[in-house]
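Trainee: Sequence:
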Amino acid sequence: MTDIAIVGLDCRFPQAPNAEALWALLMDGGDGITEVPAQRWRADDFYDPEGGPGTVNNRSGGFLSDADAFDPEFFGIPPREAEAMDPQQRLLLQAAWHAFEDATLDPRAQAGSNTGVYVGVMANEWANLHLSDYAKITPQLGSGNGYFMTANRISYQLDLRGPSMAVDTACSSSLVAVHMACAALRAGECDQALAGVSTSSSRPPSTSSMPRPGCPHPTGGASPSASMPMASAAVRASPCSRCAVWMTLSATDFRSMR
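The opening residue of the sequence shown carries number 1 in this note's numbering; numbering runs sequentially from there.
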């Protein structure tokens, strides 16, 4: 029987830049939710406690403090191309690199390997924002911001030769990506796989659509606990208002190790 092991991990969440910090945050009862930073948008301009059309019923969310920090030269990406990249791709690329390192694998040595890349993604606000002005569309913007690029970018930049695909099944996207990676490993389609998720909430329009069905909690908090069988509600944080979670999966026949 071939078992599958998680051999490496990296993640970035609001108030938690790595897995250790995330664990500590959760153990302390934190949720990473803060007020909308002023550099993102003016929360008061969209706030309405009733959640009317075009408004948001809270001023909170989950946000990375350094979501724009990226060194394109390190990955061999031209500056102009890097500027056009969806920030989700930047975060995923960095997280993939760190996930390999966490697995004690040299990321550069994975070039040419039969490594699959599976990404769960359900928002592309960057493209929606920048492709709305036809006069400013460049080849980099036009071809580099489809959902498929969240996976294909990692495969291309790291020269990974296994399957490479993005999947959008809304809130279950990350679980489906992991499932697909495991299925590919069991089927022998790849020798190892990266499975991850990224989501983004970089501007208010996507958030303003949620109060109507009653999704965001008016206090800006979500409180699953032993005393509450279900979460009190949701708050738009995007597992990180630009976050990335990666697992390096490897299939190993443990019988050969006995």
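By construction, these hints were calculated from the structure, which means they are not laboratory data.
Yeah, the Cβ is synthetic: ideal placement off N, Cα and C, and Gly gets one too.
Some hints could be false.
[Said to hold, decoys possible] Below are the SDA-like pairs computed for lysine to any residue, each with C-alpha atoms no more than 20 Å apart in a straight line:
(1) Lys136 - Glu83
(2) Lys136 - Met122
(3) Lys136 - Pro87
(4) Lys136 - Gly76
(5) Lys136 - Pro78
(6) Lys136 - Ser155
(7) Lys136 - Glu81
(8) Lys136 - Ser65
(9) Lys136 - Arg80
(10) Lys136 - Thr169
(11) Lys136 - Gly146
[To be verified] Listed next, with one range per pair, are the computed distances between beta-carbon atoms:
(12) Ser113 - Ala183: 15 to 25 Å
(13) Asp66 - Gly30: 24 to 34 Å
(14) Pro53 - Ala183: 34 to 44 Å
(15) Ala109 - Leu25: 11 to 21 Å
Trainee: When you check the alpha-carbon spacing of Lys136 and Thr169, does it fall within 20 Å?
Mentor: 31 Å, violated
Trainee: Given the hint that Lys136 pairs with Pro78, does the C-alpha gap stay at or below 20 Å?
Mentor: 18 Å, holds
Trainee: Between the alpha carbons of Lys136 and Gly76, is the straight-line distance 20 Å or under?
Mentor: Cα-Cα ~24 Å, so violated.
Trainee: Are the Cα atoms of Lys136 and Arg80 separated by 20 Å or less?
Mentor: 13 Å, holds
Trainee: Quick one, are Lys136 and Ser155 close enough, alpha carbons at most 20 Å?
Mentor: Roughly 28 Å separates the two Cα atoms, so the pair is violated.
Trainee: CA of Lys136 to CA of Glu81, is that 20 Å or under?
Mentor: With a Cα-Cα distance of about 14 Å, the restraint between Lys136 and Glu81 holds, given a limit of 20 Å.
Trainee: Does the beta carbon distance between Ser113 and Ala183 stay inside 15 to 25 Å, or does it fall outside?
Mentor: 19 Å, holds
Trainee: Please work out if Lys136 and Ser65 have their alpha carbons no farther apart than 20 Å.
Mentor: 28 Å, violated
Trainee: Below or equal to 20 Å on CA atoms is what counts here, so check Lys136 against Pro87.
Mentor: 18 Å, holds
Trainee: For the pair we were handed, Lys136 and Gly146, check the Cα-Cα distance against 20 Å.
Mentor: Distance of about 17 Å is within 20 Å: holds.
Trainee: Within a Cα-Cα threshold of 20 Å, do Lys136 and Met122 meet the stated pairing?
Mentor: 25 Å, violated
Trainee: Just to be sure I understand the hint, the distance between the Cβ atoms of Asp66 and Gly30 should be within 24 to 34 Å; is that true here?
Mentor: 19 Å, violated
Hint compliance for this structure: hints 2, 4, 6, 8, 10, 13 and 15 are broken, all remaining hints hold.
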